[in-house]
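Trainee: One-letter residues, chain by chain:
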Amino acid sequence: MFKKILIANRGEIAVRVIRACAEMRISTVAVYSEADRGALHVRMADEAVFIGPAPARESYLVIDTIIRAAKHTAADAIHPGYGFLAENAAFAQACADAAITFIGPSPKAIALMGSKVESRRAVSRFGVPMVPGTVDPVERDEEAKSIAASVGYPVMLKASAGGGGKGLRLVRSEAELSEALRSTRAEAMAAFGDSAVYIEKFVVEPRHIEIQVFADNHGNAVYLGERECTIQRRHQKVIEECPSPVMDADLRARMGRSALDVVRAADYTNAGTVEFLVDRDRQFFFLEMNTRLQVEHPVTEMVTGFDLVKEQIRVAAGEKLGFSQKDVAMNGCAIECRVYAEDPENNFFPSPGTIRLLQTPAGPGIRDDSGVYEGWTVPIDYDPLISKLVAWGPTRNAAMDRMQRALREYRVEGIKTNLNFFMEVLTDSEFRVGKFDTGFIEKWLSNRTPPGPPSREEVDLAILSAIFADFERTNSPAQPETIEKPPVSLWKTTGRRAGLRR
Amino acid sequence: MQYKAIINGATAEVSFERTPAGIQAEISGRTYSLEVSAVKPGIFLLGWGSRSIEVSVMPEGDISMVTIAGHRIPVEIVDSRKSLQRTVRSSVRGGAAEIRSPMPGKIVRILMEEGATVAVGQGIAVMEAMKMQNEIKSAMAGKIGKVAVTEGETVQAGALIAVVEEIPESD
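Here the protein sequences come in this chain order: Z and B. Quick note on numbering: the first sequence equals residues 144 to 645 in my numbering. Quick note on numbering: the second sequence equals residues 609 to 779 in my numbering.
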């Protein structure tokens, strides 16, 4: 087993990995940029190495610097977390070249699954279902017409070099096709410098469901159930759950087998996630594979009982998987809310700044994977995720009730967060019954009825609290700078304390 | 002691006494007798009859942001000792609106030139923070009187981005 692991990441995921290492008695090395000197992951690690200025491309994304930090501290493995260098084949290769174990798949598997065209080509050979259409760019209009006719309208035109929702166009009939091809090509050329476009069948009312897979270096591979990730805003997941409300044992087994076919196609090892689109008739189609630990991995951990990070470390160290497919059982339901430093009342503007007050929820079934603390200044340079709040319950209803209770306990002041947004979504009747597709949040936001105003009593109590706080500030005893002044009467302060404690 | 509290433009007259246990107060004929415990800086526990209500109070410039039962209520307090001459907080005054940055970040693009006309909600500049780009939008319709930032500039929260002026009616 490894003696020391360097975590090439920051924030909550670095903290998550440090916790797994601490339980395994493995020593940890944090890396940090200028903006992260006092960050929670730095406070929690055994050692910490400064790696450069705040912008990620000058610190967390610099391969050489991170390899040097690992060598300098004699770390024998690197955990990349997610984001940053986690799906960078060159980084995995640089680790191998430096004789440091990369906790993740091989550089080859990362590169293969990182290519939209190559990955589709590889998995199609294993019969994994894919959205009908072409993999290769469509050159001529006549060719486009015959492909669109064979998969059936509506179809999607997609820029080969595209991503993030850009270079996409929905075509409902053949009459729209030529014009749509022309404009999508032009848009793709302008945005990505590449006018190549391909055609896919448009999936109606799609849900985004992913399968967690795990494979060791000895040929063993299992799937650990699914995660429902349909609740997204601007292609960013905001609420995830396990299991999916539309899943049954048969569909899970079929999707699980397809996910394992993807593992074979990529000769994949360690933890990975196979993303699928599922349509309203519960047909599923391969989207892509994420070759790393997912942000939303805790919901799988809560329901299956496995510790995915520890399992990643064991597999990377060459051990066999500690369980087989028949050991995987799903118990209850878990929901995760991604708590972001952003302002839902102002178009979800990011809200970095100093956390002046933080009270996190606890109690039965609640897990808060946080990367911050009271007094910490959330930097402007990185992702606004500050914590992942996870609720587990024996049923989906119980998990939702617990999540609502935990959201009510959660207090963050100084920065804005989306906690109230989750409170509202969790009361939505369609969400409560699990009836949604990837357009849910957009629709919900446009139909949203804002919560009622506070009652007159609540406003009165708010006024009195504000006056009280003001009063205490201006009349508070013994400020540090008044130390020269005669001491305040002990009787008075004792009386005041007694009043406060009552 | 007499206070004035201003909430979203509405003023309430408050008579407030600090008692050993907490607060004795009256607001527009409604009387309150509260026990108050300071849980930690910024958090108070109010005992109101048998009810127990936790509130947080965070000073933000001239106002206190009070969170109670999930509601965030901005309260501005003017007591009898304080000068009544307060700074005008409204950003719209004298037919012009100051458009300020809601957060620290970097200006990546200016969308409007000085002299251009804008509608309410139209973007004036694009700002990047935390890996995301967002438009800073105009709070009123009018003409861009001044653009106070340049592309590539890093600005703090509250920094002046632009001034939008009212277009005088020409009839």
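Hints were generated in silico from the structure; no laboratory data involved. Possibly wrong hints are sitting among the right ones.
[What the hints assert, rightly or not] Facing chain B, a subset of chain Z residues (Cβ under 8 Å, in silico):
| hint | residue |
| --- | --- |
| 1 | Val185 |
| 2 | Asp189 |
| 3 | Val192 |
| 4 | Phe269 |
| 5 | Pro487 |
| 6 | Asn490 |
| 7 | Phe492 |
| 8 | Pro495 |
| 9 | Thr497 |
| 10 | Ile498 |
| 11 | Leu501 |
| 12 | Thr503 |
| 13 | Trp519 |
| 14 | Thr520 |
| 15 | Asn563 |
| 16 | Ala609 |
[What the hints assert, rightly or not] Not close to chain Z: a few residues of chain B, all C-beta gaps over 12 Å, as computed:
| hint | residue |
| --- | --- |
| 17 | Ala633 |
| 18 | Ile661 |
| 19 | Asp687 |
| 20 | Thr758 |
| 21 | Pro776 |
Each residue gets a CB set at the ideal place from its N, CA and C atoms; glycine is no exception.
Trainee: Hint by hint, note whether the structure agrees.
Mentor: Now the hints, each set against the structure:
1. Val185: Cβ of Z:Val185 sits 19 Å from chain B, so the hint is violated.
2. Asp189: Not OK, violated: Z:Asp189 not within 8 Å of chain B, min 29 Å.
3. Val192: Not OK, violated: Z:Val192 not within 8 Å of chain B, min 24 Å.
4. Phe269: Hint violated; Z:Phe269 Cβ to chain B Cβ min 35 Å, cut 8 Å.
5. Pro487: With a minimum Cβ separation of about 12 Å from chain B (threshold 8 Å), the hint on Z:Pro487 is violated.
6. Asn490: holds (7 Å)
7. Phe492: holds (5 Å)
8. Pro495: With a closest approach of 6 Å, the Z:Pro495 hint holds.
9. Thr497: With a closest approach of 11 Å, the Z:Thr497 hint is violated.
10. Ile498: Since chain B brings no Cβ nearer than about 11 Å to Z:Ile498, farther than 8 Å, the hint is violated.
11. Leu501: Not OK, violated: Z:Leu501 not within 8 Å of chain B, min 10 Å.
12. Thr503: Violated, because the Cβ-Cβ distance from Z:Thr503 to chain B comes to roughly 13 Å (cut-off 8 Å).
13. Trp519: Result: violated, 15 Å to nearest chain B Cβ.
14. Thr520: Result: violated, 10 Å to nearest chain B Cβ.
15. Asn563: holds (7 Å)
16. Ala609: Result: holds, 4 Å to nearest chain B Cβ.
17. Ala633: Label violated. Min Cβ-Cβ 5 Å, cutoff 12 Å.
18. Ile661: violated (6 Å)
19. Asp687: violated (8 Å)
20. Thr758: Its Cβ never comes within 12 Å of chain Z, the nearest being 18 Å, so this holds.
21. Pro776: holds (30 Å)
The structure shown violates the earlier hints numbered 1, 2, 3, 4, 5, 9, 10, 11, 12, 13, 14, 17, 18 and 19.
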